[in-house]
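Each chain, written out:
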Amino acid sequence: EPEVTQTPSHQVTQMGQEVILRCVPISNHLYFYWYRQILGQKVEFLVSFYNNEISEKSEIFDDQFSVERPDGSNFTLKIRSTKLEDSAMYFCASTGEGTGVIPYEQYFGPGTRLTVT
Amino acid sequence: AQSVTQPDIHITVSEGASLELRCNYSYGATPYLFWYVQSPGQGLQLLLKYFSGDTLVQGIKGFEAEFKRSQSSFNLRKPSVHWSDAAEYFCAVAPYGQNFVFGPGTRLSVLP
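In order, the protein sequence lines correspond to chains A and B.
Read in order, the letters of the first sequence correspond to residues 1 to 117 in our numbering.
Read in order, the letters of the second sequence correspond to residues 118 to 229 in our numbering.
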């Protein structure tokens with residue numbers, strides 16, 4: 001069964017450093033998402049991406065964050081200058097339906113745990 | 118404000134007992150509704166979803182959920198809980214648009 005994969009599974013970085021979290025969505029999917037989950041808290045939407053551009057983003061997704069689909073298979077989340085409060089589990093998700101209207105089931109990756117020290 | 122609530126932070130049940138996890142939402146129109154399960158250190162797995170039609174939906178692992186428009190609820194149920202069901206359960210809604218809004222989660226513990 002196709003699945004979303006994410007690398008690395010755990011990333012430790014120092015405050016102020018840049019990090020790139022990588023995701024490989026399911027191959028025929030068209031919509032891509034990033035979510036984060038601070039330890040013990042709920043999953044929060046960060047950004048959605050379609051047709052090589054951001055379609056929606058939350059207030060969490062400020063100028064320190066960016067997303068990219070550099071090569072048609074990977075989908076990356078970059079945090080330019082990490083802060084302690086960026087420590088969280090980051091989930092990538094994708095969905096295959098092409099209407100752009102109805103949010104069908106999103107398939108989630110296993111997550112990358114980011115620890116900022 | 119639009120929101121998803123799961124009133125129970127933590128529920129403990131005995132193995133073999135029945136289970137109901139509550140989820141309420143506040144949106145103007147009926148959103149699309151989902152339940153996800155997250156085992157420790159794992160990602161999110163879809164249990165079931167509701168878009169339209171029959172208000173009682175069946176999911177994987179023996180779970181079902183009932184949509185009640187009048188109560189803005191989408192409660193998850195299982196008639197007989199297994200020890201392997203111990204996990205965090207998230208209700209999620211997707212209003213018209215693409216992003217999901219997750220509830221705060223309910224942690225389920227199962228006693229032997």
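Heads up, some of the hints might be wrong.
Claimed, not checked - Short, incomplete list of chain A residues facing chain B, as computed with Cβ under 8 Å:
1) 43
2) 81
3) 83
4) 105
Just so you know, the hints here were simulated from the structure itself, not pulled from any lab data.
Using N, Cα and C, we set each Cβ at its ideal position, and we do this for glycine too.
Practice prompt. Against the structure, test the hints numbered earlier, and report the numbers of the ones violated in rising order.
Written response: 2, 3
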